[in-house]
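S.K.: Here are the chains, one letter per residue:
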Amino acid sequence: MSIGHTLLGLLESGPRHGYDLKRAFDEKFGHDRPLHYGQVYSTMSRLLKNGLVEVDGIEAGGGPERKRYAITDAGITDVQKWLATPEKPEPYLQSTLYTKVVLALLTHRDAAEILDVQRSEHLRGMRILTDRKRKGDLADQLICDHALFHLEADLRWLELTAARLEKLAEVVAK
Amino acid sequence: MNVRQWAADLAMGVRFAFAGGREGWVRAVLTAVGVGLGVALLLLTTALPNALSQRDDRGNARQDFTYSGKQLPKADNTLVVANSDTTFRSKDVRGRMLEPDGAKAPLPPGLTKFPATGEMVVSPALDKLLKSGSGKLLRERLPYKITGTIAQTGLIGPAELAYYAGGKDLLQHRSGGNVERINYFGPSPNSTPDNLDPILLLLILIVFVVLLLPVGVFIAAAVRFGGDRRDQRLAALRLVGADGRMARRIAGGEALAGALLGLVLGTGFFLAGRQLASLIEVRDISMFPSDLNPSPLLALAVAVAVPAAAVLVTLFALRGVVIEPLGVVRKAKPPRRRLWWRLLMPLVGLAMLYPMIGQGNTNGNFNQWLVIGGTVLLLVGITALLPWIVEATVARLNSGSVSWQLAVRRLQLSSGTAARMVNGIAVAVAGAIALQMLFAGVEGDYTKETGNDVNRAQIEVSVDGGSSLAQANGQLARTKGVRHTSPISLTSVADRAKNPDGSVEVAVGSCAELQEVARLTGCRDGDIYRITGGGADLDQQTAQTAKAGRTVYFDPSYDSSPGHTVAWKVPAGLKKATHREDPTGYARDGLLITSGALPANAAQSLDQHVFVTLDTSVPDATDYVRNTAAKLDPLADVFTLAATRQSAQFTSIRTGLLVGATCVLVLIGASLLVSQLEQLRERRKLLSALVAFGTRRRTLSLSVLWQTAIPIGLGLALASTVGLTLGAVLLKMTATPVAIDWASVLMMTGIGGAVVLAVTLLSLPPLLRMMRPDGLRTE
Amino acid sequence: MTTHPAGSLLAAEELRKAYGPTTALDGAEFSIHPGEVVAVMGPSGSGKSTLLHCLAGIVPPDSGSITYNGQEMATMSDAQRSALRRSEFGFVFQFGQLVPELTCVENVALPLRLNGTHRKEAERAALHWMERLEVDDLAKKRPGEVSGGQGQRVAVARSLVTNPRVLFADEPTGALDSLNGERVMELLTEAARSTNAAVVLVTHEARVAAYSDREIVVRDGKSKDMERIV
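Here the protein sequences come in this chain order: S, G and V. Just so you know, the first sequence maps onto residues 4 to 177 in the working numbering. Just so you know, the second sequence maps onto residues 21 to 799 in the working numbering. Just so you know, the third sequence maps onto residues -8 to 221 in the working numbering.
Treat the hints with care, since some could be wrong.
[Stated by the list, open to error] Here are the simulated lysine-lysine pairs, DSS-like style, with alpha carbons at most 30 angstroms apart:
no.: 1; chain 1: G; residue 1: 94; chain 2: V; residue 2: 131
no.: 2; chain 1: V; residue 1: 111; chain 2: G; residue 2: 705
no.: 3; chain 1: G; residue 1: 165; chain 2: G; residue 2: 500
no.: 4; chain 1: G; residue 1: 651; chain 2: G; residue 2: 705
no.: 5; chain 1: S; residue 1: 170; chain 2: V; residue 2: 213
no.: 6; chain 1: G; residue 1: 111; chain 2: G; residue 2: 156
no.: 7; chain 1: S; residue 1: 136; chain 2: V; residue 2: 215
no.: 8; chain 1: V; residue 1: 131; chain 2: G; residue 2: 705
no.: 9; chain 1: G; residue 1: 651; chain 2: G; residue 2: 151
no.: 10; chain 1: V; residue 1: 111; chain 2: G; residue 2: 752
no.: 11; chain 1: G; residue 1: 188; chain 2: G; residue 2: 518
no.: 12; chain 1: G; residue 1: 94; chain 2: G; residue 2: 124
no.: 13; chain 1: V; residue 1: 215; chain 2: S; residue 2: 103
[Stated by the list, open to error] Computed far set for chain S versus chain V, every beta-carbon distance over 12 angstroms:
no.: 14; residue: 5
no.: 15; residue: 23
no.: 16; residue: 73
no.: 17; residue: 173
Calculated from the structure, these hints are not laboratory results. None of these values were measured; they are calculated from a predicted model. By construction, the Cβ of each residue, glycine as well, lies at the ideal position given by its N, Cα and C atoms.
Produce the entire structure from the sequences given, and follow the hints as far as they go.
M.R.: Rendered as structure tokens:
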């Protein structure tokens, strides 16, 4: 996720202090991982340098946290461009799990057991997400669903691989 | 829309009917079996008149007795024939003794040469009977050597028991009218053809209408088998671009396929059934397979009408349905069934029958078309009324056990289907009730009260004058199964020896024997009585003829039949006796002469009769008596006294109705079963789920029973009402007092009820099988 | 007979079942406690539905033992097992379970009526459960007139109306989209937890299985308890 574009977007509704920006970000997108102040200031100074934001005013007392930022026209264009560009679907071609399975087969360890343990772990994760979704609001539900679908996809891969272990063992042994 | 388009669409439908995989085949075959059974029944109906006329033709061709009253002189081309008919248990045996006078004597049909004396030619059925263990008793009566069999041309049916035996000096027997000299076989010019009287004709007409209508209703129902699955297929056709009209025509084509296959099957059933017909014997009537030939014109009509009707019925059934690409939509709420036109049909029917009320006895001719039209409308009215009644009733049914609720709700959703299945039964039952009522009413006219007092004697044996009555009586009295015998001799006296104007009856016997035929007091052997009480005319005639001192003649001769005439001088001192009915129910007049008073030479002129009282606990007692009588005289007339005797024609119509109604009900029962099973199969998954959550098998079975029983109960109620109305109208038409024949109502509704029960019982094993949890398996 | 955890409500050991030449179960084990939701997962044809049918007493296994509440199922008669299913168990299937002629409320009331409850009383209880599953407005409609999700909620209401101690759900969301499926799962598990009913949940969808407390995987007729491998 591009933090720069996100902060720019938040500025579009009006000028804000750096502190406000961090709070707004955490509230809407932070969830598990809140932003550090340092991250906000380094990002803002990069945006300033590129002319995408400008300093709207500085409150008395000085210090970087007292700066009020406003978005420039170039900044608006940049947000527009970012939103319109589709994200590249990530193919996950290099999977740690795949590596583990193949290694287990090569070293004659129990690959099925590895898959089952992983499967169990995945489902446990899904249970936690499901539980959180049940208790949370719509935003929680959407975020959990995103994760659930990814985990489900992994889990399906685990099932499929478990069903094809024998064939895979033959291929690996060659 | 042109003909080619129509043909193409119908052909496509035909293809669909068979190409629909296993499911399609099963459906097509079900339809075909239904239509086939109907077609077979139709063909049988069209073949019956032909078969009956063939029977009549052969019956006419072998007629022998002319009853012309004239004696043919003996010639080279004459034959003496004697009637030796007998009865074995309940079966009639046609017997003839033949004595050719010369080389050119006419040979009866079915024979290749005359049997010699002591030999006989028998029908195949009689041959079989005589050789079987159960025919032993009859074999004693017919001790002749079997030298051949009678060919089909000489028999009216394959099961007929008949024989021709060689005879000698047949004319010496004095069996009034039972021996005659003839010079050809065939209908006598004197005998008038036995025309069916108008009331019997009416009965036959109604029997045919009553049997054919349910078949029609049945065929209409059969082409709708598996309608739900067909709907899905039609929707799929619309999805790939067929328009609504095309879809309808394709549906028609599918029905056509079933109907065409049904025609083939029906012909097969008919041919097979025809072969079986020779094995079936209903009340002494049997048919040769080759007699059952439908007239080509009627057969052609069946071949065209059945497929055409199948297509039309399908198109008619689809009129309330919109076939959409995504499924078949029945018009959201089918228009409420209206009552007025449904009521109109039976009312118009009644109106058509009304003008003929009372015609039966005055001028017995009915307008056949009005009768048929009125009856058809009245009965078809049932099929119009029943759906309305079922819908209206079922909508009001509620609450009750779970099985009841399941059935009622199901009926509420599709009362039309239910009513359609029951229509056939209702029409058949209504028609049968009406007919039974008509029969019961008219029966009085056609059943002769014989007036026989069967408590006093059950058999009357007439023996030839040649053998002694005492001997005959003795032998009969010693016969197994006989409790009591009472002999009596009969003759007549007249005032002239030849061609007298009138004669007086005479009974001769011991005092005890005479007691059986009149009331007399103080009888001693040698007494002569004059019977009074038969009316002034008769009493006076007797008194005049039997005047003391007058010469009278026993058994006077007539030109046509010479008697053993003996002169007798009436003695003085006649006593008086009064009327009493003899065991045959006859109260005689005339003279009673005790044996001692009879001149010795008059013995020859006596007809000798023995009344036999049987010990009814002895099986075959009647046949032992017949055997004894046959030994005394092969031409002896053995007359079984019964309280009533039915007209033979009448019996066969009634039999026809019973057989037909049973066939039709069985047929409809089969179709009910088929649709029931089809419906169950479609619900297999649901049934399994219901069982999974613990539904008792009993509950589901009961709901299947209710589902059939509710519409059939309503149908039978309506059928009884219409049947009784029609019966009452028909009775009024024949001017017979209207009486409700509850026994027949009960019997027909009972048969209808039995069909419901049978259908339910037969659908139980598949139901139980479908309730097994295997139905839940999806993988 | 005591290898399964103590205090279990329903337990099975060494279940074997074959349909003709096809082996559906080959030594499967199972146990569930009151108030527990156990997911039975596995590929198509692995025998999970058969396991459910055996556990519910619908299909007798060829061999092995099933104990419900300490009683061996094999010793019960068919009538006794039917009675058990009527009064102690509840069922939800993927489809084909609502009687099309009956209204929704009549469908829900059906199990109670089979148990001999009077119609009015049964329908009152049915309406209560339909409210809980948010389908009380469909009471007078017939199954053909409601959507798949609504129908499935009606089916869940029906499975709960007898206050069963074990609820058997075979792909209860199989015919639904994910939104409807999740709502049905939420309502089902909530209702079951509130009545302390055990739920045997057969599914091949991980997101449905995520509503469970525990997972069992069936492969080639053999079961594997996924909690015990870690």
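S.K.: With the threshold set at 30 angstroms, check whether the alpha-carbon distance from residue 111 of chain V to residue 752 of chain G stays at or below it.
M.R.: violated (53 angstroms)
S.K.: Residue 73 of chain S: least C-beta distance to chain V exceeds 12 angstroms?
M.R.: holds (41 angstroms)
S.K.: Does residue 173 of chain S clear chain V by more than 12 angstroms, comparing its Cβ with all Cβ atoms of that chain?
M.R.: holds (19 angstroms)
S.K.: Going straight from one Cα to the other, do residue 188 of chain G and residue 518 of chain G come out at no more than 30 angstroms?
M.R.: Judged against 30 angstroms, a Cα distance of about 29 angstroms means the pair holds.
S.K.: Does residue 156 of chain G lie within 30 angstroms of residue 111 of chain G when you go C-alpha to C-alpha?
M.R.: holds (15 angstroms)
S.K.: Under the criterion that the straight-line Cα-Cα distance not exceed 30 angstroms, is the pair residue 111 of chain V, residue 705 of chain G satisfied?
M.R.: Given pair residue 111 of chain V, residue 705 of chain G holds - Cα atoms ~28 angstroms apart, limit 30 angstroms.
S.K.: Given the hinted pair residue 94 of chain G and residue 124 of chain G, is their Cα-Cα distance within 30 angstroms?
M.R.: holds (12 angstroms)
S.K.: Please verify that the nearest CB of chain V lies beyond 12 angstroms from residue 5 of chain S's CB.
M.R.: Given that every Cβ of chain V is farther than 12 angstroms from that of residue 5 of chain S, nearest at about 29 angstroms, it holds.
S.K.: Does the alpha-carbon distance linking residue 136 of chain S and residue 215 of chain V stay inside the 30 angstroms limit?
M.R.: holds (28 angstroms)
S.K.: Quick check for students: does the CB of residue 23 of chain S sit more than 12 angstroms from each CB in chain V?
M.R.: holds (36 angstroms)
S.K.: Does the structure keep residue 94 of chain G and residue 131 of chain V at a Cα separation of 30 angstroms or less?
M.R.: violated (97 angstroms)
S.K.: Taking 30 angstroms as the top limit, are the C-alpha atoms of residue 651 of chain G and residue 151 of chain G close enough?
M.R.: The given pair, whose Cα atoms are some 20 angstroms apart, holds under the 30 angstroms limit.
Figure legend: structure checked against the earlier numbered hints; hints not met, in rising order: 1, 4, 10.
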